[in-house]
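Undergrad: Each chain is listed here by its residues.
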Amino acid sequence: MGTDRELLDALRRGDDEAWEETFRRLYPCAFAAARHPLASLTPAEAEDIAIEALTLLLPKVNQVAEFDELRLLVITIASRKAISEKRRQLADKRGGGDLTSLDAMQDDETIRFEPAEQVAGRLSVTDLRDLSRLLDAALSGLEPRNADLLRDFLVHHLSYKELSEKYKMPVGSVGVNLARSLEKIRAQLKAAPKLWKELVSFLR
Amino acid sequence: MDADSFNDLALRVIAGEATDTERHALEAELSAHPERQDEYEQMRIAHDVLRTTAPMAEAAQAKEPELPAYRMNELRTAVRQHFGPAANRGKNSSGLISALRWIFAGGGLTALTVLVVFLNLSNHTVEVGVYRADLMRNGDASLTPQDVPTARLMTFDQDTPFDQWQSQSLAWYEHAKIWVDNEHDLLHVVRRMDHGRISRETYPLAPTNEGQRDQIKQTVESLKN
Chain Z
304 MGTDRELLDA LRRGDDEAWE ETFRRLYPCA FAAARHPLAS LTPAEAEDIA
354 IEALTLLLPK VNQVAEFDEL RLLVITIASR KAISEKRRQL ADKRGGGDLT
404 SLDAMQDDET IRFEPAEQVA GRLSVTDLRD LSRLLDAALS GLEPRNADLL
454 RDFLVHHLSY KELSEKYKMP VGSVGVNLAR SLEKIRAQLK AAPKLWKELV
504 SFLR
Chain S
4 MDADSFNDLA LRVIAGEATD TERHALEAEL SAHPERQDEY EQMRIAHDVL
54 RTTAPMAEAA QAKEPELPAY RMNELRTAVR QHFGPAANRG KNSSGLISAL
104 RWIFAGGGLT ALTVLVVFLN LSNHTVEVGV YRADLMRNGD ASLTPQDVPT
154 ARLMTFDQDT PFDQWQSQSL AWYEHAKIWV DNEHDLLHVV RRMDHGRISR
204 ETYPLAPTNE GQRDQIKQTV ESLKN
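Protein chains in written order, with this note's numbering: chain Z, 304 to 507; chain S, 4 to 228.
Quick caveat, the hints were computed from the structure, so don't treat them as lab data.
Keep in mind it's a predicted model, so treat the numbers as computed, not measured.
Glycine residues also receive a C-beta, built at the ideal position from the N, C-alpha and C atoms.
Treat the hints loosely; a few may be bogus.
[Unchecked claim] Where chain Z lies over chain S, by a calculated footprint (3+ residues, C-beta under 8 Å):
1) 9 to 23
2) 41 to 50
3) 158 to 172
4) 177 to 185
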């Protein structure tokens, strides 16, 4: 297959080879998104979610303007499904699926998924692209060691203790460094007021 | 409390890393300085947004693992279900121009003949939907393409594509589709009747794997006749 433009045209025509190539290209992204640390699904569960997310691209192919949007689309779909799946598993485990039971309502662990579900569920492809660029720019503006520390905290969800061991620094310093770095990124986010306003609206 | 200490304390609480003492210290600070409540809220939003979206942004760079080969058939089925049979796809503008040229060059009569023959041959496809796992589990009693040579065997690995296939209307080229519902011990048959009317029927499922295979074979044969 030639350019991404030609590939997208072939996908719209339902070309089998084009779809197979697309599935091969996008599977690693879909799988990585399905292994979102908040969801912490097993590899087998993530594989199922990734495959389902790929099939959900079929009806969307006429709605994207360029091939790369499919990549972002499959990531948002897979992440959302993975987080929802984890929440469902926890709800089943705690309340036998009955979210109104007393046991389920008390100390409901699933509540911690609400912000993530809100964000992942409403984030558009454009939002994700803008956020990725902004995050890259913000991280590259930090000291490399602090950028790595923050990346491990945000991307891999390492705990303060894990970060302290990995970066060989006291837990107290981990907290201070993270707070300062996050503050800088927050300042950059606020410099994109439209995006920031939209993100805030997802969570309020 | 200076800004650095406040941000550190707030992030610990938001990230679930704080001790009870630290949580109480933050509550006390926010009570004493309500103007910091907004600061805290902004940090919580930034934390929640970034901890959700940063892994997604990172996923865009992923290069592995490769798509498992055993999942490809499932994806091919999804493509076929969405776009219809391969022979019916890939019509583009240059194809259209060629077709027009062909018609104006005197191929119209031939095309009409082909169309009549084609319409006679269409509407005869029967699809049989089964779970791949059931085929593997049933061993020698499994349904094979040789058992139903006149039908198209559709295998599924997951509930969602199988459910989609079941709920989809019959395609223009399809005469019928049948599938086994092990949960309710039923055989489902959806068929096109006279004047395009669609009939949906269920039959009690034969109790054994061999019986079910024979039941499907007989149903396919009856649908072809």
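Undergrad: A separate judgement is required for each hint: does it hold in the structure or not?
TA: Tested hints:
Beta-carbon proximity to chain Z at under 8 Å applies to 7 residues in the segment 9 to 23 of chain S; the threshold of 3 is reached and the given coverage holds. Counting residues of the segment 41 to 50 of chain S whose CB falls under 8 Å from any CB of chain Z gives 5; the rule of at least 3 is met. With a threshold of 8 Å between beta carbons, the proposed coverage of the segment 158 to 172 of chain S by chain Z holds, since 3 of its residues qualify and at least three are required. For the segment 177 to 185 of chain S, the stated coverage by chain Z is violated: 0 residues have a C-beta nearer than 8 Å to a C-beta of that chain, whereas at least 3 were required.
Of the hints listed earlier, the one the structure fails to meet is number 4.
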